[in-house]
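One line per chain: the protein sequences are W and D, in this order. Per my numbering, the first sequence starts with residue 17, numbered consecutively. Per my numbering, the second sequence starts with residue 12, numbered consecutively.
No wet-lab data here; the hints were simulated from the structure. Do not take every clue at face value.
If you only want the chain D side, here are some residues facing chain W, beta carbon under 7 Å, derived [as the list claims (entries may be wrong)]: (1) 206; (2) 219; (3) 220; (4) 370; (5) 374; (6) 396; (7) 400; (8) 406; (9) 407; (10) 418; (11) 432; (12) 433.
Fair warning: this is a prediction, and the values are worked out from it, not measured in the lab. The C-beta atom is built at its ideal place from N, Cα and C for all residues, glycine as well.
Chain by chain, the residues run as shown.
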Amino acid sequence: MAKIKAVHYINQFFAGIGGEEKADYKPEVREGIVGPGMAINAGFKGEAEIVATIICGDSYFNENIEEAKSEIIEMVKKYDPDIFIAGPAFNAGRYGVACGTIADAVHKELGIPVLTGMYVENPGADMFKKSVYIVSTKNSAAGMRNAVKQMVPLALKLAKGEEIESPEEEGYIARGVRKNYFAEKRGSERAVDMLLKKLKGEEFVTEFPMPDFDRVEPEAAIKDMSKAKIALVTSGGIVPKGNPDHIESSSASKYGKYDIEGIKDLTKETHETAHGGYDPVYANEDPDRVLPVDVLRDLEKEGKIGSLHRYFYTTVGNGTAVASAKAFAEKIAKELLSDGVNAVILTST
Amino acid sequence: MRLELGYLFIEDVQFGEETKLENKTLYVNKDELVNLIKEDEHFEKVDLELARPGESIRITPVKDVVEPRVKVEGPGGVFPGMISKVDTVGSGKTNVLKGCAVVTAGKIVGFQEGIIDMTGPGADYTPFSKLNNVVLVCEPKEGLKQHEHERALRMAGFKAATYLGEVAKNLTPDEVEIFETEPMLESINKYPELPKVAYVQMLQSQGLLHDTYVYGVDAKESLPTIIYPTEIMDGAIVSGNCVSACDKNTTYHHLNNPVVKDLFAKHGKELNFIGVIITNENVYLADKERSSNWTAKLAEFLGLDGVLVSQEGFGNPDTDLIMNCKKIEQKGIKTVIITDEYAGRDGASQSLADADPLANAVVTGGNANEVITLPPMDKIIGDTSYVDTIAGGFDGSLKEDGSIVVELQAITGATNELGFNKLTAKGY
Chain W
17 MAKIKAVHYI NQFFAGIGGE EKADYKPEVR EGIVGPGMAI NAGFKGEAEI
67 VATIICGDSY FNENIEEAKS EIIEMVKKYD PDIFIAGPAF NAGRYGVACG
117 TIADAVHKEL GIPVLTGMYV ENPGADMFKK SVYIVSTKNS AAGMRNAVKQ
167 MVPLALKLAK GEEIESPEEE GYIARGVRKN YFAEKRGSER AVDMLLKKLK
217 GEEFVTEFPM PDFDRVEPEA AIKDMSKAKI ALVTSGGIVP KGNPDHIESS
267 SASKYGKYDI EGIKDLTKET HETAHGGYDP VYANEDPDRV LPVDVLRDLE
317 KEGKIGSLHR YFYTTVGNGT AVASAKAFAE KIAKELLSDG VNAVILTST
Chain D
12 MRLELGYLFI EDVQFGEETK LENKTLYVNK DELVNLIKED EHFEKVDLEL
62 ARPGESIRIT PVKDVVEPRV KVEGPGGVFP GMISKVDTVG SGKTNVLKGC
112 AVVTAGKIVG FQEGIIDMTG PGADYTPFSK LNNVVLVCEP KEGLKQHEHE
162 RALRMAGFKA ATYLGEVAKN LTPDEVEIFE TEPMLESINK YPELPKVAYV
212 QMLQSQGLLH DTYVYGVDAK ESLPTIIYPT EIMDGAIVSG NCVSACDKNT
262 TYHHLNNPVV KDLFAKHGKE LNFIGVIITN ENVYLADKER SSNWTAKLAE
312 FLGLDGVLVS QEGFGNPDTD LIMNCKKIEQ KGIKTVIITD EYAGRDGASQ
362 SLADADPLAN AVVTGGNANE VITLPPMDKI IGDTSYVDTI AGGFDGSLKE
412 DGSIVVELQA ITGATNELGF NKLTAKGY
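Based on the sequences and whatever the hints tell you, model everything.
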């Protein structure tokens with residue numbers, strides 16, 4: 017195999033150009049190795065070589081993100097590298113964000129593997145750990161030796177397209193991605209083993225660390241419902257008959273927005289459920305059971321609510337990833353707000 | 012309570028003139044079995060097919076999998092409250108046709124029937140690819156409501172398994188295993204130094220095609236209670252549900268509950284397996300609160316040191332799982348929970364619908380959203396036209412060449428939450 021080509025990205029400080037006063041330094045490419053690249057290159061032991069180093073001031077990058085990105089991508093492209101390495105940035109915030117941003121952009125635009133390194137509390141880590149491999153470093157450049165020791169083997173693996181092991185084994189910041197594999201023992205036996213350890217007070221490793229939950233505080237109650245515009249949103253899968261947008265029966269990848277202008281009652285002729293998680297007979301017989309258009313029309317007529325919003329939004333909550341649900345909700349909420357909706361009745365199944 | 016399970020190993024299944032077991036081959040009289048199932052007026056058409064390990068066969072939509080068994084000695088009969096009377100099972104002798112199963116298939120009931128591939132990459136994810144399967148393909152009469160269809164198909168599986176199990180009534184098993192649970196006080200006196208452990212089994216009971224039956228009782232209409240582990244091994248609990256294929260407990264899973272087996276394996280050595288608490292997964296908050304309170308109360312009452320909790324299904328039952336875990340931990344009893352994950356196709360989403368820091372010991376059956384490509388098979392038993400709409404399928408799942416791109420969710424038993432499989436997941 018030919019020698020692996022690497023392009024390295026660093027800021028003005030690590031290039032020895034200057035500190036804050038030089039932070040507006042525009043992107044520059046130098047053939048060869050600069051600053052921390054020396055240690056990285058030495059670590060490659062001839063298996064790979066840094067063919068070019070790109071230097072950019074942190075202020076320039078963060079204040080001119082789009083230009084900086086496209087300039088740097090052009091520079092990288094010229095060298096056609098097998099791996100792009102940025103930093104390590106340790107706990108330098110703007111440098112970390114720059115390393116994450118440019119690594120992510122290079123990977124997306126040019127499709128080459130990328131790697132950076134930073135301290136876990138660097139804001140760039142949270143922003144990019146999902147899309148970029150970030151080696152976990154100490155919080156200052158005093159940790160350079162350790163950082164290089166972790167980055168070199170991971171960079172080589174990435175460049176060669178080898179399988180990347182878990183964060184513990186490779187030293188990168190967990191990306192929050194769950195991957196399946198076959199264990200040696202079946203689940204029940206692993207559970208019994210874990211319980212015995214827990215009972216004995218021995219150390220055990222959970223297979224799924226509990227996440228921090230995103231809990232939402234409810235809004236204050238509406239004082240005068242007779243003036244409120246109410247919208248109906250459901251994860252119970254009520255759709256116009258025939259499910260025109262093919263919302264999946266489970267693990268939905270989309271939501272639907274449907275007009276109910278002039279509709280007083282949902283019937284089995286007009287609507288049905290797309291949801292695969294429950295016996296659909298009762299919902300299909302009378303879809304108002306899940307999406308109560310009929311009752312809201314009555315309330316509207318009686319003046320108990322101001323009005324029912326013209327559109328309802330619907331998706332299927334059955335095994336749908338929380339990230340998808342959150343993305344749907346963000347879009348739906350934005351539209352509801354701009355349509356002047358005051359409150360939502362959210363129904364499930 | 013002491014149960015002897017006698018295993019008769021089945022290495023092949025064939026159609027024959029007489030239904031019998033000979034030289035490890037199960038012969039099935041097709042007409043006789045089809046006619047038996049056809050006695051149910053709800054079916055328009057009943058057919059019988061065979062699928063053996065390694066054959067290029069895809070079975071879908073699969074509803075239930077049932078292991079044929081026969082009671083040889085002692086009180087009660089197979090599937091009490093369903094096929095047999097409600098006499099207490101779990102003692103005496105029961106013969107098991109090991110290595111074969113009845114699979115119920117045919118027109119989809121809900122959206123949640125599954126796929127069993129007998130070979131290829133999909134076969135690695137379902138335990139049923141390793142069995143010699145007698146597949147019942149039942150087509151319901153026009154206009155039959157889903158819940159009636161579910162019931163008919165459920166009973167068809169039990170009837171067929173009972174019919175096949177009869178062949179072993181007078182045969183000598185190839186291997187015998189004995190399981191025994193003593194009355195609690197005796198057991199504690201016998202193993203005073205061992206930690207007292209019970210198994211909390213959560214039964215799917217969300218209703219609307221998500222039901223489990225205990226001695227014929229719908230679990231959603233029952234309070235949590237205590238049951239001998241051997242009763243479960245002897246068919247006291249059966250599946251009646253259409254929850255996503257990957258993590259529903261088929262009747263086969265209940266009969267071969269791996270938690271029960273693995274706790275028995277350490278019983279009297281490293282732990283004292285006191286018994287099983289069964290609870291439900293009802294949809295109303297009041298039911299969830301009441302049942303989890305009750306479960307924790309029973310765990311405390313039994314003086315337990317540790318509890319293993321298993322789940323069935325996902326999403327809504329995640330709340331029951333976390334409530335059970337939290338309330339039992341708050342009684343000072345150590346817990347381990349078994350679940351599976353819905354972390355999105357890319358694995359980057361949040362895996363569970365509920366969480367609590369007290370749930371610090373979790374075993375996972377893997378991410379059910381992970382996508383798999385199932386290559387075309389030479390033979391389809393059932394009908395692949397439902398693949399786009401079953402849980403785990405999506406628009407375009409079924410390709411023109413017959414291959415299928417689906418989430419593991421659609422594969423029967425893939426991410427089982429009794430810990431039946433080796434599949435798991437880790438964070439990257």
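Quiz item: Does residue 396(D) pass the interface check with chain W, least Cβ-Cβ distance below 7 Å?
Solution: Given a least distance of 14 Å, the restraint on residue 396(D) is violated.
Practice problem: Identify whether the interface hint at residue 432(D) stands, where standing means a beta carbon of chain W within less than 7 Å of its own. | Solution: 6 Å, holds
Quiz item: Given residue 433(D) as an interface hint, is the shortest Cβ-Cβ distance to chain W below 7 Å?
Solution: 5 Å, holds
Quiz item: Would the hint on residue 374(D) stand, with a C-beta cut-off of 7 Å toward chain W?
Solution: 4 Å, holds
Quiz item: Should the interface hint for residue 418(D) be scored as holding, given a Cβ-Cβ cut-off of 7 Å against chain W?
Solution: 6 Å, holds
Quiz item: Minimum Cβ distance from residue 370(D) to chain W below 7 Å?
Solution: 6 Å, holds
Quiz item: Are residue 219(D) and chain W close enough, Cβ to Cβ, to be under 7 Å, as the hint says?
Solution: 3 Å, holds
Quiz item: Is the shortest C-beta separation between residue 220(D) and chain W less than 7 Å?
Solution: 4 Å, holds
Quiz item: Taking the closest Cβ pair, is residue 407(D) under 7 Å from chain W?
Solution: 9 Å, violated
Quiz item: Can we keep the residue 400(D) interface hint, with Cβ of chain W closer than 7 Å?
Solution: 5 Å, holds
Self-check item: Agreement of hint residue 406(D) with chain W interface, Cβ distance less than 7 Å
Solution: 5 Å, holds
Quiz prompt | Restraint check, 7 Å cut-off on beta carbons, for residue 206(D) near chain W | solution = Holds - the Cβ of residue 206(D) comes within 7 Å of chain W, reaching about 5 Å at its closest.
Violated hints, in rising order: 6, 9; the structure is consistent with all others.
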